[in-house]
Amino acid sequence: MHDVLTTCVYCGCGCGLYLHVEDGLVCGSQPSRHHPVSRDNLCVKGWHIHESVNHPDRLTTPLIRKNGVLTPATWEEALDFTAQQLGRIRDQHTGKAIGVLTSAKCTNEENYLLQKFARTALGTNNVDHCARL
Amino acid sequence: MTNSINEIENAEVILVSGSNTTEAHPQVARRMLAAVDRGARLIVIDPRRTRLAECAHLHLPLKPGTDIPLLNAMMRVLLDEGLADDLFIEMRTENFLALRDMLNRLDLEETAALTGVPLPLIRQAAQLYGRARKAVICYCLGITQHVCGTENVQTIANLAMLAGQIEKEDTGVDPLRGQNNVQGACDMGALPNMLPSYQGVHNEDYREKFERAWGMRLPEATGLSLVEMTHGGPQGPIRGMYIMGENPMLSDPTLNKVEETLRGLDFLAVSDIFLTETAQLAQVVFPAACFAEKSGTFTNSERRVQMVRQATQPPGECRADSEIIMELSARLGYAMKYGSSGEVMEEIALLSPIYGGMYHDRLEQGWGLQWPCWDRNHPGTPFLHKYYFTRGRGHFMPAGHTAPGEAPDQEYPLLLMTGRIYHQYHTGTMTRKSERLTRECDHAVLQINPTDAKGLCLRQGEPVRLLSRRGEITLAASITDQVASGMVYTTFHFHEAPINQLTNDAFDSGSRCPEYKVCAVRVAKVAP
Numbered sequence: 001m002h003d004v005l006t007t008c009v010y011c012g013c014g015c016g017l018y019l020h021v022e023d024g025l026v027c028g029s030q031p032s033r034h035h036p037v038s039r040d041n042l043c044v045k046g047w048h049i050h051e052s053v054n055h056p057d058r059l060t061t062p063l064i065r066k067n068g069v070l071t072p073a074t075w076e077e078a079l080d081f082t083a084q085q086l087g088r089i090r091d092q093h094t095g096k097a098i099g100v101l102t103s104a105k106c107t108n109e110e111n112y113l114l115q116k117f118a119r120t121a122l123g124t125n126n127v128d129h130c131a132r133l
Numbered sequence: 001m002t003n004s005i006n007e008i009e010n011a012e013v014i015l016v017s018g019s020n021t022t023e024a025h026p027q028v029a030r031r032m033l034a035a036v037d038r039g040a041r042l043i044v045i046d047p048r049r050t051r052l053a054e055c056a057h058l059h060l061p062l063k064p065g066t067d068i069p070l071l072n073a074m075m076r077v078l079l080d081e082g083l084a085d086d087l088f089i090e091m092r093t094e095n096f097l098a099l100r101d102m103l104n105r106l107d108l109e110e111t112a113a114l115t116g117v118p119l120p121l122i123r124q125a126a127q128l129y130g131r132a133r134k135a136v137i138c139y140c141l142g143i144t145q146h147v148c149g150t151e152n153v154q155t156i157a158n159l160a161m162l163a164g165q166i167e168k169e170d171t172g173v174d175p176l177r178g179q180n181n182v183q184g185a186c187d188m189g190a191l192p193n194m195l196p197s198y199q200g201v202h203n204e205d206y207r208e209k210f211e212r213a214w215g216m217r218l219p220e221a222t223g224l225s226l227v228e229m230t231h232g233g234p235q236g237p238i239r240g241m242y243i244m245g246e247n248p249m250l251s252d253p254t255l256n257k258v259e260e261t262l263r264g265l266d267f268l269a270v271s272d273i274f275l276t277e278t279a280q281l282a283q284v285v286f287p288a289a290c291f292a293e294k295s296g297t298f299t300n301s302e303r304r305v306q307m308v309r310q311a312t313q314p315p316g317e318c319r320a321d322s323e324i325i326m327e328l329s330a331r332l333g334y335a336m337k338y339g340s341s342g343e344v345m346e347e348i349a350l351l352s353p354i355y356g357g358m359y360h361d362r363l364e365q366g367w368g369l370q371w372p373c374w375d376r377n378h379p380g381t382p383f384l385h386k387y388y389f390t391r392g393r394g395h396f397m398p399a400g401h402t403a404p405g406e407a408p409d410q411e412y413p414l415l416l417m418t419g420r421i422y423h424q425y426h427t428g429t430m431t432r433k434s435e436r437l438t439r440e441c442d443h444a445v446l447q448i449n450p451t452d453a454k455g456l457c458l459r460q461g462e463p464v465r466l467l468s469r470r471g472e473i474t475l476a477a478s479i480t481d482q483v484a485s486g487m488v489y490t491t492f493h494f495h496e497a498p499i500n501q502l503t504n505d506a507f508d509s510g511s512r513c514p515e516y517k518v519c520a521v522r523v524a525k526v527a528p
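Residue numbers (this note's numbering), protein chains in the order written: chain C, 1 to 133; chain H, 1 to 528.
If you are wondering where the hints come from, they were derived from the structure by calculation, not from laboratory data.
Hints are not guaranteed to be accurate.
As the list claims (entries may be wrong) - Straight-line Cα separation of at most 25 Å, DSS-like style, residue types lysine-lysine; simulated pairs:
| hint | chain 1 | residue 1 | chain 2 | residue 2 |
| --- | --- | --- | --- | --- |
| 1 | C | LYS96 | H | LYS257 |
| 2 | H | LYS386 | H | LYS168 |
| 3 | H | LYS209 | C | LYS96 |
| 4 | H | LYS134 | H | LYS386 |
| 5 | H | LYS454 | H | LYS525 |
| 6 | H | LYS386 | H | LYS209 |
Unchecked claim - The following label-pair restraints were derived from C-beta to C-beta distances:
| hint | chain 1 | residue 1 | chain 2 | residue 2 | range |
| --- | --- | --- | --- | --- | --- |
| 7 | C | GLU76 | H | THR390 | 41 to 49 Å |
| 8 | H | PHE389 | C | GLU76 | 24 to 32 Å |
| 9 | C | TRP75 | H | GLU462 | 43 to 51 Å |
| 10 | H | HIS202 | C | MET1 | 46 to 54 Å |
All C-beta atoms, glycine included, are put in the ideal place defined by N, C-alpha and C.
Working from the sequences, and respecting the hints, build out all of it.
Rendered as structure tokens:
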């Protein structure tokens with residue numbers, strides 16, 4: 001077993017915690033003793049953070065709606081179809097007809113990339129996230 | 001937050017407004033209670049008697065939506081009793097006369113009556129806050145989720161500046177951010193009017209800088225905000241959407257409108273780790289890697305940018321969102337190639353002044369850095385506004401009372417507030433997958449005062465119907481005097497009782513924040 005020091009994914013406190021990893025699976029967590037926020041303490045959500053990581057309900061393959069039903073598809077299919085659809089809307093109605101929601105749960109780098117994608121590839125400032133909710 | 005979380009522990013007076021801190025920000029609450037143990041005074045402004053309110057020296061149970069009159073009354077007391085910080089006002093602020101004139105015109109008795117809080121209690125709170133050497137104000141969505149959210153925040157800033165409770169260590173104004181990286185998402189320009197680092201899209205110089213870096217013309221007009229996108233209806237301005245890791249089908253107000261809008265789109269793609277209520281409506285769903293399966297950074301509420309490190313491989317065919325975005329972008333004719341999240345951060349540092357010194361190699365050491373961090377040698381900034389405000393002088397913005405978008409009436413006599421609980425998180429996408437958290441709390445309850453419950457002949461735990469002009473849900477009654485008569489309270493975590501079918505989509509015109517803290521409802525017994 002080994003530990004990986006990372007940052008909690010729940011609230012805005014931003015605790016430093018160690019994820020216990022065994023056989024490639026995250027199987028537990030523990031607060032960092034010296035981290036300025038956690039200081040050897042986690043809330044109940046932080047202590048059980050691993051349970052959602054390994055959950056059997058995790059999505060594991062791309063899905064495309066076929067005949068009204070979400071059906072497993074390959075990455076190529078899903079990416080091509082999405083790009084084609086967004087491209088069509090952009091070309092027909094301009095970027096103003098496309099909305100992009102980024103995520104307050106994703107990393108800074110991912111948020112940066114998605115707003116850049118919206119403003120360049122899609123040509124729209126319709127980009128927001130749930131900051132107010 | 002203008003302060004660091006640890007500074008709260010050293011404050012002499014802590015004023016908490018519209019924050020259920022023990023439930024929603026446990027680590028911040030821990031600092032508040034530690035401060036109380038050391039002799040600090042705690043003032044809680046909240047319509048409900050929250051756990052923190054029970055620990056407070058003063059609890060001001062105001063009527064929902066009357067934050068501005070309450071804070072104005074406190075400021076008037078500061079003026080009347082000579083507790084305003086004249087030197088600070090003179091040296092660091094502007095527009096004081098407008099605030100003073102507005103306050104002097106107030107009828108204190110009348111204002112206090114509006115809030116429902118006895119005047120002597122308001123006076124005591126003002127004296128405590130005004131006399132402290134070091135005082136912090138912590139606020140949360142109880143302040144912002146109102147039609148007058150922007151004015152509420154400005155009024156808090158007025159109070160802090162009037163008393164000179166800012167610019168020093170352990171002293172300041174601390175909005176507590178909800179999600180782990182809501183601060184970062186804002187910093188990164190995931191906003192319809194801002195490029196990264198709060199550089200406005202309408203400003204030509206900023207836009208030109210990004211146009212040069214990104215190699216193409218950028219749109220000038222402010223985009224649509226989240227509620228505008230999700231409430232446009234089937235004939236709305238939006239035809240296609242890409243949603244990364246969000247669940248508006250549970251988190252947005254007036255859900256029926258959201259569903260109608262999303263179903264009416266020509267195309268919807270969602271990337272998430274679980275098949276959320278929103279993903280169920282999509283044409284394409286991408287399986288995303290979760291936080292333990294990728295690397296990057298999160299920015300917490302105290303502006304601390306910290307590393308997220310990969311601990312394990314993503315299950316099945318899951319990919320990191322960054323990979324998905326790069327693949328899509330290339331297919332749409334705009335190639336973005338980054339070898340690692342560290343490389344993305346380099347670009348962020350070059351274009352965003354407040355992140356100017358944030359490079360992964362630095363963040364890897366120690367506990368991250370707090371912005372603003374202007375360059376590679378800058379040590380980061382534990383507290384803001386030392387010597388000067390970002391805009392120069394602090395500008396007083398006097399505001400008067402604005403009534404909520406919907407008031408209780410004969411048909412819907414109760415006032416509903418929504419919020420969070422300790423064991424669940426946001427729309428429950430993750431926490432409800434945890435067996436232990438579910439064991440602690442797995443269903444929504446409606447807090448209702450014993451008087452109101454008696455009027456309806458309700459028993460503890462009995463299922464009740466909750467109705468508003470926009471919808472109806474069923475949930476269990478929890479009879480408690482934590483809420484006053486005439487008010488009810490519940491959470492938005494549970495898809496079985498989607499409270500946002502009931503909430504009002506009136507929103508603040510400045511911040512586009514919906515009014516989750518006030519709407520009119522009726523409680524009815526479930527027919528036997």
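Checklist line | In rising order, the numbers of the hints this structure does not comply with | finding: When the structure is compared with the hints, numbers 6 and 8 turn out to be violated.
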